[in-house]
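Novice: Given next are the chains, with one letter for each unit.
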Amino acid sequence: MAKQLGFYFNASACTACKACQVACQDKNNLSAAMRWRRVVSYGGGSWVPDPQNAGLMLPNNVFVYSISSACYHCVNPLCAEVCPAAAISKKDNGLVLINQEQCIGCRYCEWACPYGAPAYDQARAVMTKCTGCDDLVAQGKNPVCVDACVMRAIEFGDIEQLRAKYGHVDSIEPLPEAKYTGPAVVITPHKHSQASGKGTGKILNLPEEV
Amino acid sequence: MNVREWALISFTILAQMSVGAFVVLGIVHFLAQRKAGSEEADRLSDRALLAIGPVMVLGLLVSLLHLGNPLNAYRAVANVGSSWLSREILFGALFAVVGGAFAIAQWRKIGSFAMRNLLAWLAALIGLVLVYSMASVYMLGTQPAWNTWATPISFFVTTLLLGVLAMGAAFVANYAYIQRKYPGCADAQCGLMRAAVRWIAVAAVVLVGIELLVVPLQVAYLAAAGGVAGDSAALMYGEFGLILALRLALVFIGAGVLGVFLYQNALSPGREKVLGYLTYAAFALVLVSEGLGRFIFYATHLRIGI
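The listed protein sequences derive, respectively, from chains E and W.
Residues 0 to 209 (numbering that gives the first Met the number 0) make up the first sequence, in order.
Residues 0 to 305 (numbering that gives the first Met the number 0) make up the second sequence, in order.
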């Protein structure tokens, strides 16, 4: 099998501090509205009346956890398949990159990608997304999100090695099931994590945050 | 809803109307020829044919408004191997070129009858492949509201419904023009026009029947599927429910009720004026309804994932 770089993410460690998101925006000169990496909080449960104490409420399976999500440089990148301009391609190391010179700004990839990875650059009228910091990777360094994480919850490298180390979970809510695109990701679930497509919670961020 | 989505609504509606009109005109011309000969058939359809080209070209131009980077638009056919969007643009351009070539050849009577006939068949086939490509663009696994059989069925119904009524309007307009300009030749034309409008009315009633079945079935199917599909269905009957109801009412009145009146009025001569008003009204109502339907199509789709 050809080389495939990918991300590891530890949902049980993430504190939703968003250092990864900000480091990514800083390194790639992204506007506040453009996020190649987003921290998404997912939660659910309800509150029920306390039978012992009238007027008080008790938590009923209330939970929340967060994921830090970027492009997963998928094995079957739907964005590249549907791009009419053939502007998106998969490199030898498995990274999926957009050539902005070729992009026509139709935003069709945005409709296709279930990870919301393509981010439209209003100013240049072209699509952009996570490059896996391919420039840093070429120098043997980590992507900035990896080094920015205070909890060491993100790793990057050969996906087979990451799987050998961390297992084979490749989707939890609110991420989609992996069947659509075959994401190059390994996840350590949070203790409250729910299976993709079977979640009982919802995304808690404001729409403009994610 | 923004300029980009209005561009998509206009482009898909205009392109589908062009294809439908072209196919319908071909069928009507074929039948008219068998009934009244080439000359009368051409007289019925040639002006209508010339109206189709500008509509298609307008559609293609409007589609450019959907691009962030229209100067790069020529690259949109770079991925015909795997992108239905590329195929849509390719077949759209091909339909405009081949259909345009046929229209000019037919108008100026250039080339043999067999050659023109071949061009017409080719353009009609490309047009139908175009509509199929347009539907396939939206059949994305990550877009459950789009990824159902309702998408191709409703695209083809829109194509034919707008096609028959646009051509109906063109026939009555053409007849009014001929009657003013060449009163001598109006009798044969009158018969042909009434026969054409009669069949157009039948087609409109059948097509609106299919549409009135598919739309609620689609909403029910999505609602039953739950999840993201269910959320889309909730938008359709919730936030956009009034627009959906208005759209269904307009198409029912335009193609259904007026279709029945059209059929009756086309049976007896002497009612050409009424026939004209009815056809224009039916076309206008259905055009608005299909535009609203396409608006709902773009306003209610929700993608799986984050």
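Since the hints were derived computationally from the structure, they do not count as laboratory data.
Heads up, a few of these hints could be off.
Stated by the list, open to error - Incomplete in silico selection of chain E near chain W, CB under 8 Å:
| # | residue |
| --- | --- |
| 1 | Cys16 |
| 2 | Cys105 |
| 3 | Trp110 |
| 4 | Pro206 |
| 5 | Val209 |
The model shown is predicted, which means the values in this text are computed figures rather than measured ones.
C-beta atoms are modelled at their ideal positions from N, C-alpha and C, and glycine is treated no differently.
Novice: Now tell me if each hint is right for this structure.
Specialist: Going down the list of hints, with the structure as the test:
1. Cys16: violated, 19 Å
2. Cys105: The hint holds - Cys105 of chain E has a Cβ within 8 Å of chain W, the shortest such distance being about 5 Å.
3. Trp110: With Cβ-Cβ at 6 Å, under 8 Å, it holds.
4. Pro206: violated, 11 Å
5. Val209: With a minimum Cβ separation of about 6 Å from chain W (threshold 8 Å), the hint on Val209 of chain E holds.
Of the numbered hints given earlier, the model fails hints 1 and 4; all others are met.
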